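J.: Protein sequence lines, in the order shown, are assigned to chains A and B.
Per the working numbering, the very first residue in the first sequence carries number 1; after that it's consecutive.
Per the working numbering, the very first residue in the second sequence carries number 1; after that it's consecutive.
Don't read these hints as lab results, they were simulated from the structure.
One should not assume that every hint holds.
To be verified - The list that follows gives simulated cross-link-like pairs (lysine-lysine, DSS-like), each with its CA atoms no further than 30 angstroms apart:
hint	chain 1	residue 1	chain 2	residue 2
1	A	Lys-134	B	Lys-170
2	A	Lys-201	A	Lys-85
3	A	Lys-222	A	Lys-197
4	A	Lys-222	A	Lys-201
5	A	Lys-85	A	Lys-197
6	A	Lys-134	A	Lys-203
7	A	Lys-85	B	Lys-108
8	B	Lys-185	B	Lys-170
9	A	Lys-134	B	Lys-166
10	B	Lys-170	A	Lys-127
11	B	Lys-185	B	Lys-108
12	A	Lys-201	A	Lys-134
13	A	Lys-127	B	Lys-166
14	B	Lys-204	B	Lys-108
15	A	Lys-268	A	Lys-222
Small disclaimer: the values here were computed from a predicted structure and weren't measured.
Residue-level listing of the chains:
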Amino acid sequence: MTSISLERRRSPAAAESRQAYIELCNVSKTYESERGTVEALRDVSLSVGTGEFVSVVGPSGCGKSTLLRCVSGLEEPSAGTISLKGEAVISPAPSMGMVFQRDVLLDWRNILENVLFTADFRGLPRKQWIGRAKELLELFGLSEFQNRYPWELSGGMRMRAAICRALLDAPELLLMDEPFAALDAFTRDDLNLELQKINQKTKSTTIFITHNITEAIFLGDKVVVMDRRPGRIAHVLDIDLARPRALSVRETPQFAEYGSIIRQTFEKLGILRSQV
Amino acid sequence: MKSRSMIKFGAMGFPIGALLICVAVWEMASRFGLVRPFLLPAPSAILEAILQEPGLFLYHAGYTLEATLLGFAMAVVLGVAMAMAIVQFRFVEQTLYPLLVSFNSIPKVAIAPLFIVWMGTGLEPKIAIAAMIAIFAIVIDTVHGLRSVDPEMIDLGRSVGGSNLKIIWKIRFPHALPSLFAGMKVAISLALIGAIVGEFVAAKRGLGYMILLAQGQFDVVRMFAAMVILSVSGLLLFYLVGQAEHFMVPWRVARRRNSSDH
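Using the sequences plus the hints, can you model the full thing?
T.: See the structure below:
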């Protein structure tokens, strides 16, 4: 392996048929706690095609994160099955990158070493991955900060580094759990654009959890609307907007239409109030 | 307006100034006959005693420091291993941890004579007592550090296929280093106490032995001289641990400096 291309070649057939990469079938998850049983997910079925970007939007505590953790293999569903490329998920997939709400950068590693974390943990030789890590940092405008330590960087830059870390080995599957929730609106818009740009190259199948409707539509090929606990899928909406999308797409009538469909779904569920 | 060097002078200057004033008052009290030099010798007399036989003091101090450092090293190695086992295995947490806590409530000075019976009057029982006194601080602080890792950080390690061992070694342990150093700063002083306790019970060398011997001869000057050397050693050891922290945990030191600047 001499050079690692950002683009992953996919067979044309797979691209055409958009075969299901992730398949969730009647997935439920209950936790036993001291205050009794908590039902986090109930009967969730969902299919995500190869290379598809799926946004999951819902109120706090609707089991969005639980859904993501089950797909990642960090947690096991109580009932139902989850499969990746037709194989049941029992542990974290070998080609998966995760981004969490907090950037969880390691304080004792500089930015470059933090990005190489993935290689270290997968037991891959650093030498072969340094080039790729620098390429990613360049893409996210962090080149000059590669030798800095996390505490020297702003929240937005830290999150960029966390995304680089997740993308290091060009994972087939990218799972993002409210990555931009803690960032200010400008940084968030900026990162939405950057995420879209890189995802057009890497074509990772992505599940993106958010509680921001605009962000969900802007990024997604598909938006999954979730109901409150116990988490259920209330609606799945296909987003048919041409890519690459500029921020101005948010002011188009079509975008507004998607937004209003999602809002009305939440109103029907009683999560948002329809009357003032 | 205060400049940076002024602040720095304040940090070092005030404690040193306070110490000098204390020593000066003490010297005066002794010289003007306010206290009997027999009970409280003047600082100048103590210094003179040290300078008269530096080799002798060095000989005894070396022995005490050897026991202290070996006991401290043992406490760090064993303490970190125990902390890791406590965090990693529920069984160990439920058995070893309560035992350790109840063991810690026994006054160590009371166990010291037993160690002498078991191990003789050489260096070994002193090392053991030093380690025994110091280990508790190491275990408690390291367990705290290992546990305080953000659960998402552990998830991150697992999500890229990291084994338990890798997660302990590459995430939990480095994360716990600042806590480990906090424990080490307490432990180094305790180890010195342990070594002296061991020497008090039975010894043929060391600063503790020197103090006991001088007491028997009513040589108060020499007792004070040994105590001065003991406290200087304690300060030096503490300083060395602090320097090691600077070297090993630069991120923590930098962050602490940042937050105190505001």
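J.: If a hint holds in the structure, say so; if it does not, say that too.
T.: How the hints compare with the structure:
This hinted pair checks out: A/Lys-134 and B/Lys-170 have alpha carbons roughly 22 angstroms apart, not beyond 30 angstroms. Under the criterion of a C-alpha separation no larger than 30 angstroms, the hint pairing A/Lys-201 with A/Lys-85 is consistent with the structure, at around 21 angstroms. At roughly 17 angstroms between alpha-carbon atoms, A/Lys-222 and A/Lys-197 fall within 30 angstroms of each other, so this suggested pair holds. With a C-alpha separation of about 19 angstroms, the suggested pair A/Lys-222 and A/Lys-201 falls inside the 30 angstroms cut-off, and the hint holds.
Proposed proximity of A/Lys-85 and A/Lys-197 is supported: the alpha carbons are some 25 angstroms apart, at most 30 angstroms. With a C-alpha separation of about 20 angstroms, the suggested pairing of A/Lys-134 with A/Lys-203 holds against the 30 angstroms cut-off. Using a Cα cut-off of 30 angstroms, the hinted pair A/Lys-85 and B/Lys-108 is violated, with the two alpha carbons roughly 62 angstroms apart. The suggested pairing of B/Lys-185 with B/Lys-170 holds, with an alpha-carbon distance near 23 angstroms, which does not exceed 30 angstroms.
A C-alpha spacing of about 24 angstroms is found between A/Lys-134 and B/Lys-166, which places the hinted pair at or below 30 angstroms, so the restraint holds. For a cut-off of 30 angstroms, the pair hint linking B/Lys-170 to A/Lys-127 stands: about 19 angstroms separates their Cα positions. Taken as a hint, the B/Lys-185 and B/Lys-108 pair is honoured in the structure, with Cα atoms around 19 angstroms apart against an allowance of 30 angstroms. Annotation: proposed proximity of A/Lys-201 to A/Lys-134 holds, straight-line Cα distance about 16 angstroms (limit 30 angstroms).
Restraint check for A/Lys-127 and B/Lys-166: the C-alpha separation of about 20 angstroms stays at or below 30 angstroms, so the hint holds. At roughly 21 angstroms between alpha-carbon atoms, B/Lys-204 and B/Lys-108 fall within 30 angstroms of each other, so this suggested pair holds. At roughly 20 angstroms between alpha-carbon atoms, A/Lys-268 and A/Lys-222 fall within 30 angstroms of each other, so this suggested pair holds.
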